[in-house]
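Engineer: Turn these sequences into a full structure, and let the hints guide you.
As you go down the protein sequences, you meet chains L and B in turn.
Start counting the first sequence at 1; every next residue gets the next number (the UniProt record's numbering).
Start counting the second sequence at 1; every next residue gets the next number (the UniProt record's numbering).
Hints are computed from structural coordinates only; laboratory data are not their basis.
Treat the numbers as computed from the prediction; the structure is a model and nothing was measured.
Mixed in with the good hints, there may be bad ones.
In silico DSS-like links for lysine-lysine, alpha-carbon gap of 25 Å or less [claimed, not checked]:
1. L:Lys96 / L:Lys65
2. B:Lys7 / L:Lys41
3. L:Lys91 / L:Lys65
4. L:Lys174 / B:Lys221
5. B:Lys221 / B:Lys244
6. L:Lys120 / L:Lys2
Partial list, derived from the structure: chain L residues whose beta carbon lies under 8 Å from chain B [to be verified]:
7. Ser72
8. Gly75
9. Ala77
10. Lys94
11. Gly122
For every residue, glycine included, the Cβ atom is placed at its ideal position computed from N, Cα and C.
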Amino acid sequence: MKTSFILSASESIRDAILNHESELESLDRAIGDGDHYINMKRGAAAITELHAELAALTADAALNKIGLKLLSTIGGASGPLLASFFMSMAKVLKEKNDDTTTTYAAAFATGVEAIQQRGKAGLGEKTMLDVLIPVAQQFSTLASANTEINAICYALMQTAEEGMLATKTLIATKGRAAGLGERAIGHIDPGAKSCQLMINAVCNQVLSSQH
Amino acid sequence: MKKFINKIDDVLIESLSGFASAHHDLVELNTDPLFLTRQHKAPNKVAIISGGGSGHEPLHAGYIGYGMLDAACPGHVFTSPTPDQMLAAAEAVHADKGILFIVKNYAGDVMNFEMAAEMLPFESATVLTSDDCAVINSTYTTGRRGVAGTVIVEKCVGSLAESGADLQTCKALGDKVNSRTASMGVALTSCTVPAAGRPTFDISDNELEMGVGIHGEPGRKREPMREADAIVQDVVSAILDALKPASDSEALLLINGFGATPLMELYLIYNTASRLFTEHGIKITRSLVGNYTTALDMAGASITLCLLDEEIKQYWDSPVHTAALRWGR
Numbered sequence: 001m002k003t004s005f006i007l008s009a010s011e012s013i014r015d016a017i018l019n020h021e022s023e024l025e026s027l028d029r030a031i032g033d034g035d036h037y038i039n040m041k042r043g044a045a046a047i048t049e050l051h052a053e054l055a056a057l058t059a060d061a062a063l064n065k066i067g068l069k070l071l072s073t074i075g076g077a078s079g080p081l082l083a084s085f086f087m088s089m090a091k092v093l094k095e096k097n098d099d100t101t102t103t104y105a106a107a108f109a110t111g112v113e114a115i116q117q118r119g120k121a122g123l124g125e126k127t128m129l130d131v132l133i134p135v136a137q138q139f140s141t142l143a144s145a146n147t148e149i150n151a152i153c154y155a156l157m158q159t160a161e162e163g164m165l166a167t168k169t170l171i172a173t174k175g176r177a178a179g180l181g182e183r184a185i186g187h188i189d190p191g192a193k194s195c196q197l198m199i200n201a202v203c204n205q206v207l208s209s210q211h
Numbered sequence: 001m002k003k004f005i006n007k008i009d010d011v012l013i014e015s016l017s018g019f020a021s022a023h024h025d026l027v028e029l030n031t032d033p034l035f036l037t038r039q040h041k042a043p044n045k046v047a048i049i050s051g052g053g054s055g056h057e058p059l060h061a062g063y064i065g066y067g068m069l070d071a072a073c074p075g076h077v078f079t080s081p082t083p084d085q086m087l088a089a090a091e092a093v094h095a096d097k098g099i100l101f102i103v104k105n106y107a108g109d110v111m112n113f114e115m116a117a118e119m120l121p122f123e124s125a126t127v128l129t130s131d132d133c134a135v136i137n138s139t140y141t142t143g144r145r146g147v148a149g150t151v152i153v154e155k156c157v158g159s160l161a162e163s164g165a166d167l168q169t170c171k172a173l174g175d176k177v178n179s180r181t182a183s184m185g186v187a188l189t190s191c192t193v194p195a196a197g198r199p200t201f202d203i204s205d206n207e208l209e210m211g212v213g214i215h216g217e218p219g220r221k222r223e224p225m226r227e228a229d230a231i232v233q234d235v236v237s238a239i240l241d242a243l244k245p246a247s248d249s250e251a252l253l254l255i256n257g258f259g260a261t262p263l264m265e266l267y268l269i270y271n272t273a274s275r276l277f278t279e280h281g282i283k284i285t286r287s288l289v290g291n292y293t294t295a296l297d298m299a300g301a302s303i304t305l306c307l308l309d310e311e312i313k314q315y316w317d318s319p320v321h322t323a324a325l326r327w328g329r
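Structural biologist: Structure representation (structure tokens):
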């Protein structure tokens with residue numbers, strides 16, 4: 001993976017977050033405490049400020065740096081969760097040190113595992129993991145079957161959207177909405193929504209770089 | 001919203017600067033990253049560090065000093081601090097006997113302190129406080145929340161650390177005090193987070209929130225307002241259910257104000273609560289009444305009971321010198 005790709009992907013992620021301000025805010029006001037958009041925006045802005053510094057690093061070092069920056073900027077629960085994701089992903093890239101789709105899939109899966117461990121949460125608890133776990137599984141399956149990269153991207157975007165929409169009917173057992181019980185039903189989880197937006201942004205970045 | 005504010009973004013730093021300057025003999029403020037330490041580094045002891053979202057003053061910075069904390073890391077209002085703050089604080093106060101983190105049980109705090117502990121270049125342990133018996137699942141976490149009982153944990157562990165005890169001994173006392181402590185709060189009004197500008201929840205003049213958390217998060221249920229004795233009776237019953245103390249138990253009773261309830265009412269609550277616990281055969285031999293773990297400008301109070309044994313009594317009674325607690329020294 002090239003560091004330049006990480007930089008352009010992080011710009012796409014920032015734009016995706018900024019373009020969904022009102023949606024993310026209203027989702028979080030409904031079942032959270034209304035600060036999810038502000039926290040994500042603060043994180044994205046901190047990464048943008050870091051671009052010059054990141055550009056000089058290898059891809060794994062850049063991802064690790066992004067993790068550390070998010071850790072010290074976002075706070076709350078999202079900070080450590082996203083930081084764990086990027087820092088674990090960086091570790092896999094550094095160890096494998098190659099440029100294959102299976103390595104990326106393994107790095108992604110390791111990052112998602114780190115979120116599960118840090119948050120002590122799993123599938124079906126109305127969190128970001130309802131998007132990330134199915135995406136990680138599908139990414140690994142498709143990568144080991146040597147599926148062509150564009151097809152992988154389309155499939156992952158589809159799976160991310162389905163996972164995000166599925167949180168609407170769930171009762172939350174982890175995260176901010178866990179105290180609401182049945183009152184959380186009917187609302188999409190804001191963390192699942194922002195993860196779906198980020199996956200979409202990165203996949204679209206991959207697709208456009210193929211042309 | 002009517003508050004003493006210059007600029008919303010400066011509220012925290014201006015308040016901490018005032019705190020550090022008012023108590024310059026006790027504490028020192030570091031602004032980047034944000035943490036406070038004792039004015040004079042204590043040698044040869046386990047370093048005790050706590051922290052959490054701001055808005056609970058005097059928790060935690062008010063408990064920095066002899067016999068309690070070595071450092072505190074304040075986050076934004078009601079938002080966990082970040083690991084860089086904890087690492088810098090640990091670097092500043094460690095004295096080769098390890099670091100003990102005292103952390104209130106909320107998902108964000110737990111994760112940030114956990115990551116700091118993993119990145120720390122020296123030995124550490126963590127005591128998680130979870131004294132709030134109001135709810136099993138709350139808006140902020142799975143499991144009981146850490147509330148005013150945290151002050152008792154910080155006091156006892158702090159005094160033990162002062163005696164030169166090792167890390168695991170300090171952690172064990174913290175866990176013991178936590179397991180023998182239960183709290184429950186009642187809100188009469190909401191609080192207003194400065195950056196939000198409006199009350200966190202709506203509550204009418206004839207209602208109370210039973211079991212409220214220290215961020216204004218919901219508790220057991222919304223109930224009609226009634227006379228003080230009836231409210232205190234319900235809280236005392238919940239605490240007795242949670243602790244199931246043997247009759248003849250000796251206990252510390254803490255009545256904690258949430259920020260906008262006068263001491264006059266807190267002592268009225270103490271009067272009823274101590275009578276009710278005594279009727280259950282509990283001997284209240286230690287007490288603390290005042291604003292020790294607040295929720296900004298919320299009106300309301302929490303009741304905390306800590307079951308004492310000889311060890312807890314010894315370290316509760318030991319000298320302490322901090323901005324918010326001081327005796328024996």
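Engineer: Could you grab the alpha-carbon distance between Lys7 of chain B and Lys41 of chain L and see if it respects the 25 Å cut-off?
Structural biologist: holds, 21 Å
Engineer: Hey, does the Lys94 of chain L contact hint survive, CB to chain B under 8 Å?
Structural biologist: Status violated, d = 17 Å.
Engineer: Take the C-alpha atoms of Lys91 of chain L and Lys65 of chain L, compute the straight-line distance between them, and say whether it is at most 25 Å.
Structural biologist: holds, 12 Å
Engineer: Holds or violated: the hint that Ala77 of chain L contacts chain B, with Cβ atoms closer than 8 Å.
Structural biologist: holds, 4 Å
Engineer: Tell me if the straight-line CA distance from Lys174 of chain L to Lys221 of chain B falls inside 25 Å.
Structural biologist: holds, 21 Å
Engineer: Any CB of chain B closer than 8 Å to the CB of Gly75 of chain L?
Structural biologist: holds, 5 Å
Engineer: Mind checking the alpha carbons of Lys221 of chain B and Lys244 of chain B for me, to see if they're no more than 25 Å apart?
Structural biologist: Satisfied, since the Cα-Cα distance of roughly 22 Å is no more than 25 Å.
Engineer: So if I understand the rule, the pair passes when the alpha-carbon distance is 25 Å or less; does Lys120 of chain L with Lys2 of chain L pass?
Structural biologist: violated, 32 Å
Engineer: Have a go at the Gly122 of chain L hint: is there a Cβ in chain B nearer than 8 Å to its own Cβ?
Structural biologist: At about 13 Å, which exceeds the 8 Å cut-off, the nearest Cβ of chain B leaves the hint on Gly122 of chain L violated.
Engineer: Given Ser72 of chain L was flagged as interface, is its beta-carbon under 8 Å from a beta-carbon of chain B?
Structural biologist: Where the cut-off is 8 Å and the nearest Cβ of chain B is about 4 Å from Ser72 of chain L, the hint holds.
Engineer: Would the hint linking Lys96 of chain L and Lys65 of chain L be met if the CA-CA limit is 25 Å?
Structural biologist: Distance of about 18 Å is within 25 Å: holds.
Going down the numbered hints, you'll see the structure goes against 6, 10 and 11, while the others check out.
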